[in-house]
Amino acid sequence: MTTTTPGTTPRPTVRSARASAKPTRPVWEEPPSALGSAAKAVLVAVILLVVLFPLWVVVLTSLSTQQAITAAGGLVVVPDGITFAAYQELLTGGVVTRAVLVSVGITVVGTAFSTGISLLAAYGLSRPGTFAHRPLLFLVLLTFLFGPGLIPTYLLVQSLGMLDSYSALILPGAVSAFNLVVLRSFFMNLPGELIDSARIDGASEFGVLTRIVLPLSKGVTAVVSLFYAVGYWNAFFNAFLYLNSTEKWPLQLVLRTFVLQGQPIPGVTQGAETVGAGGGLVATLAIKMAVVVLALVPVAVVYPFVQKHFTKGVIVGAVKG
Amino acid sequence: MPGADLTTPPEARRGEHTAARRAPAWSRKLRRDWPMLLMVMPAALVLVVFHYVPLLGNVVAFQDYSPYTGVMASTWTGLVNFERIATDPNFWAAAGNTLMITAFQLVFYFPIPIGLALLVHSLLSPRLRLLVQSVVYLPHFFSWVLVITLFQQMLGGAGLLNSFLRSTGASTFDVMTDPDLFLGLVTAQAVWKDAGWGAIVFLAALATVDASLYEAAAVDGAGRWRRLWHVTLPALVPVVVLLLILRLGEALTVGFEQFLLQREAVGREAAEVLDTYVYFTGVVNSDFSYAAAAGLVKGVVGLALVLAANKVAHLAGEQGVYSR
Chain C
1 MTTTTPGTTP
11 RPTVRSARAS
21 AKPTRPVWEE
31 PPSALGSAAK
41 AVLVAVILLV
51 VLFPLWVVVL
61 TSLSTQQAIT
71 AAGGLVVVPD
81 GITFAAYQEL
91 LTGGVVTRAV
101 LVSVGITVVG
111 TAFSTGISLL
121 AAYGLSRPGT
131 FAHRPLLFLV
141 LLTFLFGPGL
151 IPTYLLVQSL
161 GMLDSYSALI
171 LPGAVSAFNL
181 VVLRSFFMNL
191 PGELIDSARI
201 DGASEFGVLT
211 RIVLPLSKGV
221 TAVVSLFYAV
231 GYWNAFFNAF
241 LYLNSTEKWP
251 LQLVLRTFVL
261 QGQPIPGVTQ
271 GAETVGAGGG
281 LVATLAIKMA
291 VVVLALVPVA
301 VVYPFVQKHF
311 TKGVIVGAVK
321 G
Chain U
1 MPGADLTTPP
11 EARRGEHTAA
21 RRAPAWSRKL
31 RRDWPMLLMV
41 MPAALVLVVF
51 HYVPLLGNVV
61 AFQDYSPYTG
71 VMASTWTGLV
81 NFERIATDPN
91 FWAAAGNTLM
101 ITAFQLVFYF
111 PIPIGLALLV
121 HSLLSPRLRL
131 LVQSVVYLPH
141 FFSWVLVITL
151 FQQMLGGAGL
161 LNSFLRSTGA
171 STFDVMTDPD
181 LFLGLVTAQA
191 VWKDAGWGAI
201 VFLAALATVD
211 ASLYEAAAVD
221 GAGRWRRLWH
231 VTLPALVPVV
241 VLLLILRLGE
251 ALTVGFEQFL
261 LQREAVGREA
271 AEVLDTYVYF
281 TGVVNSDFSY
291 AAAAGLVKGV
301 VGLALVLAAN
311 KVAHLAGEQG
321 VYSR
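Protein chains in written order, with UniProt numbering: chain C, 1 to 321; chain U, 1 to 324.
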């Protein structure tokens, strides 16, 4: 309060115009007390640490030598020698390699399929006044309100003969009404003149979508693809429910069975040294943590590229939807 | 699609100005819009087959369904399955656990994204803001298996915390298998995974607040906390109400994987929720009709909760999930 003097009143507006370039505290706002700043800094540090520390430990343990793991008595916090032995062990054939390939395959095929039909449908529904536009939109939106239930879905998948096939991991959840609505509301905000002029120039609707609409919607398309991709990569329950044969398992099932439940991985050489009270085989720990890292790396790698579109793409879409 | 258009061939009207004007509006629109309809079809087909057809499949709840005879040939039993639910202690225990978890998370999870958003919003440096946002959103994109594995490695019996406690000679404890701590554990997992992501909506709401409101309040002598109370928080109220409604509507759904994955370690008493109950009675024990009935009860009550909560929101003058 004490800093606000009549002489400085015009300044905030000038400054706020430049705020996007270099943020400055408005003149009327009190500078924070030293104690307040310190508390905030500690809080931010703690939050970052709570999220990043487990990831740090897991990645480091997966890269650690057997000696380092033995010395640490389990998970490694401070690095001491780096080795890729665990990844070599896992990725030269066997259960985990196959699971990685299965997960990648399902993610690629599923994401392409889901994103493709969602883009088509979102564009098809994005011009109000289109024939049967309202009932079709209703058909999509109604799926928000209630789900079909686990048992009837299971019985349907069973009677379609899709049990133990990869199609059961993709088809039942291929369309997310949420993603469709996000895309649709983004398309609706594109200027209609643009689309009309393309139509007048003789473009087909598909041509309008691929040549006019999609190039303008790269951000939101990237975000929706990420949502679908993450969904397929992380899918555990569908695989757990519908797949019987071990050799078809995606990575999440491998993670659950061999890491969370601690069953030995078939075909992987088990380490010999054990930690005293901790139990478990030491080299196995590096291998287990390598499985964890394999499960989280693709997400962590793709995420930064799409992250910048989150607020623009999703919030705008969702709020206006 | 109402396909009656096939009876009038489109070429019959081509070029005839007055006839085209007299042709029904839908027929002309269909002729113009069929490419758009065609584009909607694949997605619509997926939704019809995998969402609406199973919805009809709920009839097995009124049958004595056997996988060998199929839905068509199974005998009808009326409401027998529902009577059984009413007297099934396991169903009610699962329902109780579910509601307990929802209530607990409403108190201990719900405020955290709001606080997080306020914290991030108060950071002046855009670089630090982006860093914090990027980091706290990240766990949302991890699978439940991964999150639970990380918790197990950090807090479990053989985890980092306990090996540290052992090295200092302190007594150890296993959070991951203790039924008494399960409520806190699942809430902590939910916070770790999704609180950051949940803050996005509140951040968006905060970004829309008119800065001149703050300035006016400051000029009127409102300090930091009064501005928070009178300017910032009122701006968040619609979002808070909306999310509360959504959460209440989902009171019977606490998530599947998180509980399925930990049910074994913690025990059924604490970790059985309605979704896992339906799965174990239906798919594992092949009691399809009874499990479908349990799922149907859950679904219908859940739908009623959403509609009721939305009604309350309308009465309270908020926009709610959908406007009438």
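One thing to keep in mind: the hints can contain errors.
[Claimed, not checked] Listed next, the in silico EDC-like pairs over lysine to aspartate or glutamate satisfying Cα-Cα at most 20 Å (straight line):
| id | chain 1 | residue 1 | chain 2 | residue 2 |
| --- | --- | --- | --- | --- |
| 1 | U | Lys29 | C | Asp80 |
| 2 | C | Lys40 | C | Glu30 |
| 3 | U | Lys311 | U | Glu250 |
| 4 | C | Lys308 | U | Glu250 |
| 5 | C | Lys40 | C | Glu29 |
| 6 | C | Lys248 | C | Asp164 |
FYI, nobody ran anything at the bench for these hints, they're computed from the structure.
Going through the hints against the structure:
no. : hint                 : result
1   : U:Lys29 to C:Asp80   : violated (71 Å)
2   : C:Lys40 to C:Glu30   : holds (16 Å)
3   : U:Lys311 to U:Glu250 : holds (15 Å)
4   : C:Lys308 to U:Glu250 : violated (30 Å)
5   : C:Lys40 to C:Glu29   : holds (17 Å)
6   : C:Lys248 to C:Asp164 : holds (8 Å)
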